[in-house]
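Novice: Take 20 as the starting number for the sequence shown in the working numbering and just add one per residue.
Simulated from the structure, these hints should not be mistaken for lab results. Bear in mind that the values here come from a model prediction, so they are computed numbers and not experimental data. Ideal Cβ placement from N, Cα and C applies to all residues, glycine included.
Here are the simulated PhoX-like cross-link-like pairs (lysine-lysine), alpha carbons at most 20 Å apart as the crow flies:
1) K183 <-> K199
2) K183 <-> K198
3) K82 <-> K117
4) K68 <-> K89
Distance ranges between label pairs, derived from CB positions:
5) L119 <-> P153: 29 to 37 Å
6) I122 <-> T200: 31 to 39 Å
7) V161 <-> G26: 38 to 46 Å
8) S140 <-> T200: 43 to 51 Å
9) E219 <-> A173: 16 to 24 Å
10) S140 <-> D70: 19 to 27 Å
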Amino acid sequence: MSDSSPGTLALIAGGGDLPRLVVDGARRQGLRVVGLGFVDETDPTLAEKLDAWTWLHLGQLGKLIAFCKKQGASRVVMAGKVHKTRAVNLRPDWRAAKLLWKIKNTHDDVLLRAVAAELESEGVAVASALDFLPHLRTPEGVLTRRGPSAEEQADLNAGWPLAKSLGTLDIGQCLVMRKKTVVAAEAVEGTDATILRAGELAGPGCVVIKIFKPIQDMRLDLPTIGPQTIKIMIQARASCLAVEAGHCLFLNLAESVALADQAGISIVGMRGHDNH
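All chains should be modelled from the sequences, with the hints used to inform the complete structure.
Specialist: Right, here's the structure in full:
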């Protein structure tokens, strides 16, 4: 086993752009970065940026811990999307099976906290993606040329506390409203599919709310928005996006705002207590 070094960070990488951004941020801090990716989720070219790499299947907790120890990683960070539908077909190794037996359910927050506790019991601290990308926190206020209309604001007022309540139950981070009615709530399908479903059900003019769950650990599964989200909203003909300021990561904000402005979409960063 290698000696633990504060200079080595292990990245558990899902899909999307966030893992690559975390690597760049960690490098700027002078860290050696090693990584683990999920088969059929993580961009294979990410491995080229890292000092060491291995592939995981969801549920290989023992392999994850062994890799961190071998590489001398004193910290680990989770970044990127892993489709929640994969959790239904989880094939746990012995270490993961023991963990699953101990926890009350496999909801996101419960499961991720348990994994974090296992890592920390082995001397590997769990960091937040924000530790390496503080500039990607969603800013507060109207971010686009257009602010929410009166009708959109009414949907935000009605939907924000509902989204936070669903978050308290560890159900999801996204809620879609239309005419003060809940059209779609995120479960295992993810934010993009939730938005598309809302568009099919309610037509144009839906309001999308993306929150940080009140029970959530800042180190784990941070809500993330970016240009892909705006493209999905355009496809679904949604008209307004509210994102929790300070607690959600906003990737490529300038590009996202440009896309939204072109489509007439309003984006607003709201604080956790804002529901009026």
